[in-house]
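Colleague: For chain V, the structure is supplied; the task is to place chains Z and C on it using the hints.
Just so you know, the sequences run in chain order V, Z and C. Just so we're aligned: 205 in this note's numbering is position 205 of the first sequence, and the numbers increase by one with no gaps anywhere. Position in the second sequence (from 1) plus 292 gives the number in this note's numbering. Position in the third sequence (from 1) plus 565 gives the number in this note's numbering.
You may find that some hints are simply not true.
What the hints assert, rightly or not - Computed far set for chain V versus chain C, every beta-carbon distance over 10 angstroms:
id : residue
1  : L107
2  : S115
3  : I128
4  : I134
5  : R171
6  : F229
7  : A258
To be verified - Among the chain C residues that face chain V by a calculated CB cut under 7 angstroms, a handful are:
id : residue
8  : F571
9  : L597
10 : T662
11 : A666
12 : V675
13 : I847
14 : A850
15 : L860
Said to hold, decoys possible - Anything over 12 angstroms on all C-beta distances counts as not near chain V; from chain C, calculated:
id : residue
16 : M566
17 : H625
18 : L632
19 : L768
20 : W861
21 : G879
Since the hints were derived computationally from the structure, they do not count as laboratory data. Heads up, the beta-carbon is just placed ideally off N, CA and C, and yes, glycines get one too.
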Amino acid sequence: MSLFWLSVGFGLVTASVLSIASIGLSLQFGITNYVNFAYGDFMALGAFFTYVFNNQVLHFNIWIAMVIGSLLVGAFAVIVNRYLLGPFARRFQTTHYVLIVTFGLSLVMLNLIYSIWGADVRFYSMPIASALSIGPLRLTVTQLVVIGIAALMIGSIHLVLQRTRLGKSMRAMSDNTTLAMTSGIDTKRITTLTWFLSGSMAGLAGTVLGISEGNLTPASGELFLFVIFAAVILGGIGSIYGAMGGAIIIGLATEISAAFIDPAYKLDIAFIALIITLLIRPNGLIARPGTA
Amino acid sequence: MSAANATAGSPPLTVDALRCEGLTKAFQGVHAVNGAAFEVPEGKITALIGPNGAGKTTVVNILSGAMSSDSGRVFLGDTEITNWPAYKIARQGLLRTFQLSRELGGLTVLENLLAAPAVQAGDSLVNVLFRPGLVRRQERENAERALELLEVYRLYRHRDTRARELSGGQKKLLEIARAVMASPKLLLLDEPMAGVNPALIEVIGEYILDLKRSGVTVMMIEHNLGIVEKICDHVVVLAEGRTLATGSMSELRSNTAVVSAYLGEVINAGAAH
Amino acid sequence: MLYYVFTLVFFLFDYFILAMGLNIQYGATGILNFAYIGFVAVGAYMTGVAGMPSNITGQHYILGLGLPFPLNTLFGGLSAMAMAVIVALITLRRLRTDYLAIVLISLSLVLYDFCNNFVPLFNGADGLYNVPAPLTKALGLNVNSFIVVFACVTGVVALILWFVMARVTNAPLGRSLRAIRDDSTVAGALGKDVFRMQLKSMLIGSFYAGIGGGLLIQFGGSFNPTAWLPGETFVVFAVLIVGGAGNNIGMFVGALLVETLLIHLPAFLPEIPGHPGLIEYIDSALVGIVLMVMLWTRPQGIVPERVRRAVTFGVPDRPEIDARELGSAEVLGAPVAAATEGAK
Chain V
1 MSLFWLSVGF GLVTASVLSI ASIGLSLQFG ITNYVNFAYG DFMALGAFFT
51 YVFNNQVLHF NIWIAMVIGS LLVGAFAVIV NRYLLGPFAR RFQTTHYVLI
101 VTFGLSLVML NLIYSIWGAD VRFYSMPIAS ALSIGPLRLT VTQLVVIGIA
151 ALMIGSIHLV LQRTRLGKSM RAMSDNTTLA MTSGIDTKRI TTLTWFLSGS
201 MAGLAGTVLG ISEGNLTPAS GELFLFVIFA AVILGGIGSI YGAMGGAIII
251 GLATEISAAF IDPAYKLDIA FIALIITLLI RPNGLIARPG TA
Chain Z
293 MSAANATAGS PPLTVDALRC EGLTKAFQGV HAVNGAAFEV PEGKITALIG
343 PNGAGKTTVV NILSGAMSSD SGRVFLGDTE ITNWPAYKIA RQGLLRTFQL
393 SRELGGLTVL ENLLAAPAVQ AGDSLVNVLF RPGLVRRQER ENAERALELL
443 EVYRLYRHRD TRARELSGGQ KKLLEIARAV MASPKLLLLD EPMAGVNPAL
493 IEVIGEYILD LKRSGVTVMM IEHNLGIVEK ICDHVVVLAE GRTLATGSMS
543 ELRSNTAVVS AYLGEVINAG AAH
Chain C
566 MLYYVFTLVF FLFDYFILAM GLNIQYGATG ILNFAYIGFV AVGAYMTGVA
616 GMPSNITGQH YILGLGLPFP LNTLFGGLSA MAMAVIVALI TLRRLRTDYL
666 AIVLISLSLV LYDFCNNFVP LFNGADGLYN VPAPLTKALG LNVNSFIVVF
716 ACVTGVVALI LWFVMARVTN APLGRSLRAI RDDSTVAGAL GKDVFRMQLK
766 SMLIGSFYAG IGGGLLIQFG GSFNPTAWLP GETFVVFAVL IVGGAGNNIG
816 MFVGALLVET LLIHLPAFLP EIPGHPGLIE YIDSALVGIV LMVMLWTRPQ
866 GIVPERVRRA VTFGVPDRPE IDARELGSAE VLGAPVAAAT EGAK
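One chain only, chain V, in its complex shape (with noise of 0.2 angstroms):
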């Protein structure tokens, strides 16, 4: 078997991972309009939360103690947004405030996750894995349950966003916020439901990346955050479907890269296709209207 599909597959497991957590980062922008730069510690607290349950407190079966941890920081993100940004993005007209507090809360959260769960690298208890052969591709049961896991969540998604009235009034208020309120719709609930929804997308990312990674360190999700980034802006920032759709060619694109280069410059081929898609296309590869 070739180098080129393996990397084929540590590719898609990768856009799994980046996929989950780039509609979550792009679920919350599209509704506050601002980015959130503790995105990335919101995915470290969830693959810790379902670590205690799988480790340390009760030992549930990795994927039960993976939905509550997830849930948890769904909760977390609630509190967050209601106690602290949200606060913050309304007393400031400027985006310059809530984006430092955002920047000071993934520093405080980083910190007291070191606090808590120290530095030393981490294993989930998980059964050892059997590899499948599907057409070229070689994956373990576990890197096809990721890979399942992130289509089921673009699936159930894609129907929240169309099919239901959250879906459509989130819409509508990524869209105009103004509009949306004077039309009826409870922006206050839709607001607080967004940050549940992108909490918990965070918590499960950050679960699957410790989960696809094989270990957990306080910073992993930190360091991904920059390739959520990546991905987000090539599919055009606050675009569910642009995540998408990037987070599965920034998956594919360094991964495969890394079968030609240095796995070490993972972050640089990311972040190189971060600034030429600002260069070409400032708006993402799908433009949406008035955003830049």
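Modeller: Just chains Z and C now, kept in the frame of chain V:
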């Protein structure tokens, strides 16, 4: 002391007038401006009128370089300035104000005016570090002129106030005073009297007439046709992004096509004012 | 004891320099430079390799010019400026605030990642070590007296740079930058070349970043890539916000409170047994919390931006005009009290 005296230091006029032809601008497929073409006669006050959505502000944005047009050309005197960046247009002597006052909020009222002259010795790092005398001298000259303008525009008392702390009317005056401080040859005023009380409307009207007397060409967007009738020499009517008619207010009122098609009620209401 | 005190003095003055550099970019011009520490790192690295001889075995690095102090540091400052030109050309002209913040913070991390991995140019994760300590030979200093002398040298450099920065921010140049910060469209409509001005601001700020970085690497004698992670930028932002964005004296106050007292003083506390690094983690989290509390309760900082009064421009006060203008209140409406608009 009048505004005329305060702007006496401006260079002699070399620019004839402003002229634009075939301007278009679309937002997401909708044509906000669709072939607008008109001239602004030199030394006169021209009104740009039309209903909401006629593309008046978009035209001003294009003329002043805040926005680029999709097609069409703009001439300032003999110079074609089509799609020049805003700062270059300003340096040619075309200044504009904004419909919603945009004060430089963190700067004091005096500093708002001091920021206006486009080219200052003290904007160069070399001058700041090695020719402090030159910078200080120019600053004092500018400050003296700015304070004279503030006196004229009734803002002298608030010279050391941060601009964001002014009242709405004061911000309107500051908006005009700041543009005047930049020694304009041609001034585009975007609804200078919108949202201010009637007493202040009179005052602002006087300021605009003063500017004309001192040789500044003015073009203003205005809804109040009573005011237009009183102070403007020339009117451009814009509708759906096109120039519907031009001429004096009385000519327009006798232009049955304009009246019946579109302006009837508004103009009659204005005449009754 | 003397060693500790002068270590604190060094960091006070060095972060004063760093904060002044960020202050002209963010406080004056409103450029949210989340890659600031990257410019500091470039200054540090280039100062290091400009000062080191070309023939130290066991380390990979470029140049090795063997320049004496302060030429090596100046070289570091100029290198940071060179990077600012590249970054500004790619990003400033086309990106709105949050894109810019994303790109800059990513750039900062990628610089770190690249340094950490690319051995031929930057010696990888080992970084640089044995960076020559300036003035040691000339003055015959030992380890302790070097700390004292170099802290004082840094103090002198900081004072000179403060004098220059005060000139710049008080000049029309500083005012134009603040005009761009408040409303770049208006600044453009008044004839200011916004991009050129922002570039100037980036260049000046990066020079300060480079000098501050160059002094840091010579003080510590080594360059460790992990010291330049994006989180370090946040420390400089904390200094700036606590001290008072837009005020140079505020940068000194912020450096004293945040960098010296909050970050470096606890570093002298003994480790808690069984919890390596715990004090450092809690301390870093505390910096973030202090900044948020400060932004909420006193966004203008401890020393707010100065109001530059008319009299400072050398024009006489004329109270008789004030009196004459009283009648204007009925036309203009009562002046709005300072508080009504709230913090913006």
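Colleague: Hint by hint, say whether it matches the structure.
Modeller: Hint-by-hint comparison with the structure:
1. L107: violated (4 angstroms)
2. S115: violated (4 angstroms)
3. I128: Consistent with the label, I128 (chain V) stays out of reach of chain C, its closest Cβ about 31 angstroms off (over 10 angstroms).
4. I134: Its Cβ never comes within 10 angstroms of chain C, the nearest being 33 angstroms, so this holds.
5. R171: Non-interface label on R171 (chain V) holds, nearest chain C Cβ at 20 angstroms vs cutoff 10 angstroms.
6. F229: violated (5 angstroms)
7. A258: Non-interface label on A258 (chain V) holds, nearest chain C Cβ at 13 angstroms vs cutoff 10 angstroms.
8. F571: violated (28 angstroms)
9. L597: holds (6 angstroms)
10. T662: Holds: closest Cβ of chain V sits about 6 angstroms from T662 (chain C), inside 7 angstroms.
11. A666: holds (5 angstroms)
12. V675: With a closest approach of 4 angstroms, the V675 (chain C) hint holds.
13. I847: holds (6 angstroms)
14. A850: OK, holds: A850 (chain C) within 7 angstroms of chain V, min 4 angstroms.
15. L860: holds (6 angstroms)
16. M566: Given a closest Cβ separation of 30 angstroms, the condition holds.
17. H625: Answer for H625 (chain C): holds, closest chain V Cβ roughly 16 angstroms.
18. L632: Non-interface label stands for L632 (chain C): nearest chain V Cβ at 30 angstroms, farther than 12 angstroms.
19. L768: At about 21 angstroms from chain V, L768 (chain C) clears the 12 angstroms cut-off, so the statement holds.
20. W861: violated (7 angstroms)
21. G879: holds (33 angstroms)
Of the numbered hints given earlier, the model fails hints 1, 2, 6, 8, 20; all others are met.
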